[in-house]
Amino acid sequence: MDAKLIVFGETSLDKLLQWLRSSGEPKDIREVLIQYLQILSKSVTEDSE
Amino acid sequence: MTVASFQGSASQQELAAEVFQLMTTQGALFAVDAPIRQSLDNLAEFLSGKYRRDRNEIAADIDAALTVNDQVFTREVTEQGVLFITSRQGMYVPRSMVDTHSFKQRLHDPEHPLPVDDISVVVSTSRPAITTVEPVFISDYWQVQAGMAPMTAVPMEAMGHASMVTAVPVSPEFVAEPEPVVVEPVAAEPEPVAVEPEPVVVEPEPVVVEPVVVEVVPTKPEPVAAEPEPAPVPSKPSRETTSERNSLVSLPEGLTINLSLPVEQILADQGERLEQILVHRLDQDTLRRIVSFGRSYYPEASVTNLGKNDLRRIRDYILERNEPLLDTEIIADLYHHLPRQADYEGFRFSLNYRLHREKDFEFVGVEGARLWSTKGLPPIGGKRVKAAEMGQITSYLVEGADNSLELQSAEAIHSTGSITRLLTFFEWEYGVLPFDASIAALIPTPMLPDQRSAVLRFDSPQHYTSYLVEVRYPTGNRGGWLQGLEEYFRDHLVPGAMITISRGAEPNLFTISYEEAAESSDRLLTLDEKKNKFAFANMSYFCAVDADQVPSQTRYGRLKNLKSLPMGERRKSEVVLEHVFEVMGEQVGSRSEPRYLLAMDDLLLAFNVLRPGSRSLLEQLLAHSDPFSNHADGRYLFTPAPRDEDNTPEEVVEEEDLQPTRRRFGRYSDDDE
Chain A
324 MDAKLIVFGE
334 TSLDKLLQWL
344 RSSGEPKDIR
354 EVLIQYLQIL
364 SKSVTEDSE
Chain B
6 MTVASFQGSA
16 SQQELAAEVF
26 QLMTTQGALF
36 AVDAPIRQSL
46 DNLAEFLSGK
56 YRRDRNEIAA
66 DIDAALTVND
76 QVFTREVTEQ
86 GVLFITSRQG
96 MYVPRSMVDT
106 HSFKQRLHDP
116 EHPLPVDDIS
126 VVVSTSRPAI
136 TTVEPVFISD
146 YWQVQAGMAP
156 MTAVPMEAMG
166 HASMVTAVPV
176 SPEFVAEPEP
186 VVVEPVAAEP
196 EPVAVEPEPV
206 VVEPEPVVVE
216 PVVVEVVPTK
226 PEPVAAEPEP
236 APVPSKPSRE
246 TTSERNSLVS
256 LPEGLTINLS
266 LPVEQILADQ
276 GERLEQILVH
286 RLDQDTLRRI
296 VSFGRSYYPE
306 ASVTNLGKND
316 LRRIRDYILE
326 RNEPLLDTEI
336 IADLYHHLPR
346 QADYEGFRFS
356 LNYRLHREKD
366 FEFVGVEGAR
376 LWSTKGLPPI
386 GGKRVKAAEM
396 GQITSYLVEG
406 ADNSLELQSA
416 EAIHSTGSIT
426 RLLTFFEWEY
436 GVLPFDASIA
446 ALIPTPMLPD
456 QRSAVLRFDS
466 PQHYTSYLVE
476 VRYPTGNRGG
486 WLQGLEEYFR
496 DHLVPGAMIT
506 ISRGAEPNLF
516 TISYEEAAES
526 SDRLLTLDEK
536 KNKFAFANMS
546 YFCAVDADQV
556 PSQTRYGRLK
566 NLKSLPMGER
576 RKSEVVLEHV
586 FEVMGEQVGS
596 RSEPRYLLAM
606 DDLLLAFNVL
616 RPGSRSLLEQ
626 LLAHSDPFSN
636 HADGRYLFTP
646 APRDEDNTPE
656 EVVEEEDLQP
666 TRRRFGRYSD
676 DDE
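Heads up: the protein sequence lines correspond to chains A and B, in order.
Number 351 in my numbering belongs to position 28 of the first sequence; there are no gaps in the numbering.
Number 24 in my numbering belongs to position 19 of the second sequence; there are no gaps in the numbering.
Just chain A, same shape as in the assembly (with noise of 0.2 angstroms):
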């Protein structure tokens, strides 16, 4: 994914529900921020490849 496409906190927030709902338990903001962060980063590694 471009990077110019995302908008943070709507773009892949999906995963980030999956992630967390997959965890079983709530998580603290941090923790979400950090696993957005990479849910991100991912998505725009995985373009440039």
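Keep in mind the hints are simulated off the structure, nothing from the lab.
Heads up, the beta-carbon is just placed ideally off N, CA and C, and yes, glycines get one too.
The reader is advised that the hints may include incorrect statements.
[Said to hold, decoys possible] Some but not every residue of chain A turned toward chain B, in silico, with C-beta under 8 angstroms:
id : residue
1  : D325
2  : K338
3  : G347
4  : P349
5  : K350
6  : I352
7  : R353
8  : L360
9  : E369
[Stated by the list, open to error] Okay, the calculated beta carbon distance ranges per label pair:
id : chain 1 : residue 1 : chain 2 : residue 2 : range
10 : A       : L328      : B       : R345      : 42 to 48 angstroms
11 : B       : D104      : A       : L328      : 53 to 59 angstroms
12 : A       : K365      : B       : I143      : 23 to 29 angstroms
13 : A       : G347      : B       : T480      : 34 to 40 angstroms
14 : A       : S345      : B       : L343      : 18 to 24 angstroms
15 : B       : T421      : A       : K338      : 21 to 27 angstroms
16 : B       : P267      : A       : K338      : 18 to 24 angstroms
17 : B       : H285      : A       : G347      : 24 to 30 angstroms
18 : A       : K365      : B       : T421      : 41 to 47 angstroms
19 : A       : K338      : B       : E325      : 42 to 48 angstroms
20 : B       : A417      : A       : L328      : 48 to 54 angstroms
Keeping the supplied structure of chain A fixed, place chain B upon it in accordance with the hints.
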């Protein structure tokens, strides 16, 4: 139909009747007027077999008999032969396709058309309520140009080449050329850069398009390393730049995230800000897919629902225990969930999330101790002080007049986890402590953005007692305070005592203590609530005190002359200050123009009898109010505004008393006990 109803001879009538019966039997399930067709051949075939007659002969008889009865049978000559058509109602009427009652026709060709000049009744001039946006296909090329779609690499295999062509944006004029792009033979030549390119299937046609930048990716890197002078590849830096540019995410808040960096580095640089933005975006999500309670986030679909019965049970249980309860207590006692269960944290989140949305419950916990209160619980700290009044009285703390960290820094409080402070008369009398900076450094911050209070438990290890203390956090221009320690203060301490508050084992647990001392007795200031007057009374205490801050009769005898102003008046710090000057100050002016001198320490003590106030607050008031000025001996001088009713008989009489003090509120007070 009977035989007699047919025409012709008797034999023709019988034959026609028989054919009619055959055909109507055949179409027994047809509509009454539906056509029933039968060929002459079929009829002749059937009847010749039945009557053992010649087929042609009986065919002629049938044709004749049915033709005579043409009102019943319609004869048609088709390619398949002669057909006879009838219907169950005894005659065949061809269906008319003429539509004489069409809505479409009536709409467009009305029977009584309106006049053409009134066009508004025919054509609406208003726009449709909802405009439909038709999807428009935008080609990949223009999406790339506009930055709407990522640039994709075009494989050269599609053109019969094994290497790749970088899909750099090219000028439209070149794209507009419909001719096929043919790669120059430079890629096929075994130059040092392009190491051993595979046999390229390239048509030996002349080069047609030159401007397309071609990047040849080496497939075998070894020979490149062997080359002493590798030629630079011109398009590689542009690709790196493109990759870096493609990993930059711009946020409307002015931030830019480089997603090519490690996540740890991004968090170290702008983690706090990104947290805030993500929290804001998740809250703004219209679908509310991820919900939060405090810093915890959980999918809304996974939140356990609590019904009315659940909420009623929880409320009843809190009321039964008569104090705010932890969420863990509620779960354990009412739902018997154990922390080792897999869904425990999820259920705990659900409980907190649901209770937070209910108006009957109020969150009064802190991070690490989530307490819930409900309607009907007794107020902590009583009702002597109203929240609105205290919020205004302590507003000086949020207005910058807070010097509570002069003796003990916030870092020291953080590290030691305790504060030591002097107890003033107002604090002792009402059991409240202003939420100044020193207490703010000790007490946990609100867990929720809209949280206005928290309930803490203060243990007294010296007396094995425990007290619920409500923390009212500062909001807006109103200050905060702690309340609920009235009983402890009145039972064990006196004004002027030093107290120590320390953190406990849990985030909501604290200990309160004081330095014990030998018994002392003195006549100390008290407030007679029935008479609403200050007075001195004999008191014994066993705590260490700052002798200068104890409101004893021997040192501060004039304190009893203070009027117990209503709380509404005590909010006005200037009014209280003037009253304190008039009561406690040394009269240095004349009878007609009184002036009062008072030292800061005495002023501070007396001011804190009526309301909390810091030294900074008093200094600000004295510096910025006209009636107050500095005196040569370091004390402060108060010059009241002149009054018209001077030299009244009452004033002359009171002048003889020890300390004639005229109240701002229009009457004089005497000094009698």
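Cross-check of the supplied hints:
For A:D325, the interface hint holds, the least distance from its beta-carbon to any beta-carbon of chain B being 4 angstroms, beneath 8 angstroms. Against a cut-off of 8 angstroms between C-beta atoms, the interface hint on A:K338 is violated, since the closest Cβ of chain B lies about 12 angstroms away. The interface hint given for A:G347 is met, as the beta carbon of that residue sits about 6 angstroms from the closest beta carbon of chain B, less than 8 angstroms. Because the beta carbon of A:P349 sits about 4 angstroms from the nearest beta carbon in chain B, less than 8 angstroms, this interface hint is met.
Look at A:K350: its Cβ gets to within about 6 angstroms of chain B, closer than 8 angstroms, so that hint holds up. The criterion of a C-beta within 8 angstroms of any C-beta in chain B is met by A:I352, whose closest approach is roughly 5 angstroms, and the hint holds. About 7 angstroms separates the beta-carbon of A:R353 from the nearest beta-carbon of chain B, less than 8 angstroms, and the hint is met. Hint on A:L360 holds. Least Cβ distance to chain B is approximately 5 angstroms, under the 8 angstroms limit.
The beta carbon of A:E369 is not positioned within 8 angstroms of any beta carbon in chain B (closest approach about 11 angstroms), and the interface hint is therefore violated. The hinted range of 42 to 48 angstroms is satisfied by A:L328 and B:R345, whose Cβ atoms lie roughly 44 angstroms apart. Checked against the hint of 53 to 59 angstroms, the pair B:D104 and A:L328 passes, with Cβ atoms roughly 56 angstroms apart. The supplied range of 23 to 29 angstroms is met by A:K365 and B:I143, whose beta-carbon atoms lie about 27 angstroms from each other.
Separation of A:G347 from B:T480 is about 37 angstroms and conforms to the stated range, judged on CB atoms against 34 to 40 angstroms. Checked against the given bound of 18 to 24 angstroms, the beta carbons of A:S345 and B:L343, roughly 23 angstroms apart, stay inside it. For the hinted restraint 21 to 27 angstroms between B:T421 and A:K338, the CB-CB distance of approximately 46 angstroms leaves it violated. The given range of 18 to 24 angstroms is respected by B:P267 and A:K338, whose C-beta atoms sit roughly 20 angstroms from each other.
Distance hint check for B:H285 and A:G347: the Cβ-Cβ separation is about 26 angstroms, which falls inside the suggested range of 24 to 30 angstroms. At roughly 46 angstroms, the beta carbons of A:K365 and B:T421 sit within the given window of 41 to 47 angstroms. One distance hint, 42 to 48 angstroms for the beta-carbon pair A:K338 and B:E325, holds here, with the actual separation near 45 angstroms. A beta carbon spacing of about 51 angstroms between B:A417 and A:L328 agrees with the range 48 to 54 angstroms that was offered as a hint.
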